[in-house]
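Could you put together the complete structure from these sequences and hints?
Going down the list, the protein sequences come from chains Z and E. Residue 142 in this note's numbering sits at position 142 of the first sequence; the count goes up by one each step and never skips. Position in the second sequence counted from 1, then plus 1000, gives you this note's numbering.
Hints are supplied without guarantee of correctness; some may be wrong.
[To be verified] Pair ranges (Cβ atoms, derived):
id, chain 1, residue 1, chain 2, residue 2, range
1, E, LEU1307, Z, THR115, 43 to 49 Å
2, Z, VAL9, E, GLN1220, 55 to 61 Å
3, Z, SER101, E, TYR1100, 54 to 60 Å
[Stated by the list, open to error] Within a straight-line C-alpha distance of at most 25 Å, the following computed BS3-like cross-link-like pairs (lysine-lysine) qualify:
id, chain 1, residue 1, chain 2, residue 2
4, Z, LYS219, Z, LYS272
5, E, LYS1118, Z, LYS291
6, E, LYS1118, Z, LYS29
FYI, nobody ran anything at the bench for these hints, they're computed from the structure. Cβ coordinates follow ideal geometry from the N, Cα and C atoms, glycine included.
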Amino acid sequence: MSDESQLNVPEKRLLTEDDMKLWKASTTKQDLLSFIEMLAQSVKGHENEQIEKPVSQAITSTETILLTSVEKFIENHPVPDNTKSRFGKIEFRDFYDDVQSHSIELLKETYPSLTDFQTTQLSTYLIESWGNKRRIDYGSGHELNFLCFLYGLTQYGVFSLETDSVNLVLIIFIKYLNIMRILESKYWLEPAGSHGVWGLDDYHFLPFLFGAFQLATHKHLKPMSIHNDEVVDMFKDKYLYFGCISFINSIKTSASLRWHSPMLDDISGVKKWSKVAEGMIKMYNAEVLSKLPIMQHFYFSDFLKCPDGVTLPHDSKEGNIHDEELEEGLSHVHNTYGDCCGIKVPSAFAASEANKKTQRRIPFD
Amino acid sequence: MQIDRTISLLKQGKHITEDAVYALCLKSQELLMTEANVTHVDTPVTICGDIHGQLHDLLTLFDKSGGVEKTRYVFLGDFVDRGFYSLESFLLLICYKLKYPDRITLIRGNHETRQITKVYGFYDEIMRKYGNSNVWRYCCEVFDYLSLGAIINNNIFCVHGGLSPDVNTIEEIRAIDRKQEVPHEGAMCDLLWSDPDDVEKWSLSPRGAGFVFGQNEVNQFLHTNKVELIARAHQLVMEGYKEMFDGGLVTVWSAPNYCYRCGNVAAVLRIEDDLQRNYTIFDAVQPQDGVGNAIIPTKKSQMDYFL
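Structure, rendered in structure tokens:
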């Protein structure tokens, strides 16, 4: 059984509502939320182009080495035109494998100051940032992984919040978002856990959050402006929020925003962007960081410590071999399902059979 | 008659009072309680796939396929979640069920559960439309009584998801105690969650519930139960329907332009007396702002964050 202080690889831990109580009260969650809030505050009043100068080496390397390499992996895996199915393009899995197999080497090249241990910790979050390989989907939980990646780099002293925070959003996050847009449209990523019309967006949350802060001090633009196509077009490259509205409008062409995105329609009724910005933080805290269906996939690590008392991770090597299956919540004590891949059931998991009902991850549709 | 008035309101997407929903739910529970886990249905009958709250498209479906006055229907589940009008779509179906009990069979989908509707939109929809969760609770009570499957002329087995390694015969499905929240595993869960694919044997499902099954499992099931077709829904098909395994299984999908973004057409499958299969394809209709039934509810519970 691994002790947290010697945790070798990041692990998922949150499985039950009791776990969630401990998580919600934890300093880990508070620190992560504060990090997001600090990034958001730093871009208040900034247009996308208004980056902070000089740009640090760490920001430049992240942009030109790490993220550019990820972009190149996409180019290596084109999708043949003749595939008729709407379902996620399986070439995404090859892209994902590329990121996975190169992550350590890329991290070492981009951040030479990191130790091997730190690189291993970070690589999990980097790999998880682009969606789910098997389901070929993407959602706010994956987006959160990228934020955790940036958080870890900040904890390890690669970034400094004082000098890098503006650029972490306006250079790094925007570049990440652009890569995600390519992945979403090229490989037809499914929205993970989509609430349909009842969600904020099919894929993203943070560009709305950062975007609302960008606009919080704007003298003329109002939340209601998202209904004005000309305004959206004029500001889509200047502010993340308008960029998101423009993207949605380009995908959902057959009905107006109030039908396909009633929540964005509701938010447009708020008088001031500063209220939207405050609300986005509250909403992110409640709808992402406090929701079990998302947080059951959250990784704890060296720099994101799991609160004491949370359900123990499955121990032993078998647990790791089976990680994907466990992640999917499939029981390995399914009696009539004889062979069960022929691999021994991890003991902690088997032991929890009695209360497994509450310990199953919520399935996907 | 009260039910006709409700049907008329629902068709316009108009608000139904909490009390009226409660009364409807109670009545439909009484009716559904008397039905078997696997209902017998006669031909001719029209099989319909996922609806997901797309009320306008559901109305088109009835329009294009004869309507409930003249046609018998089997709905394969997933009435709710994701779309704007989950409540109205579900209530319309149970109103029809109450008015024409022999003409409409409602099978439970994997979305007709408390856990899933809390995640995928129906709960949010109710909170926004009513400001409290009562109506959601009433509907969930009804979900627990929906059938698990249907059998058409002893020849076509209808189910939402697919097969289960725990189920060899349709008789075994009849033995399930279905009046409960869908469990996380076992036969009842699998019937609602499983998917067909090109696999050699039972495989793990990436969904995290149910299994993936292939031609072998389908052939075995068809043979054992002396049926010729498994009709199921559960997966979007761009063309509205898709036959697999030499026509031994069909997926029917009835939510066009799913979630306003998928660009798919929808289909229903009519089974004639001679068991011939006729597919009807239809496109999405779009709600228009300021026209006809564009009633948008005004309770905005999510807005608490922004006050």
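query: Where does the structure disagree with the numbered hints, that is, which hint numbers, in rising order?
result: 2
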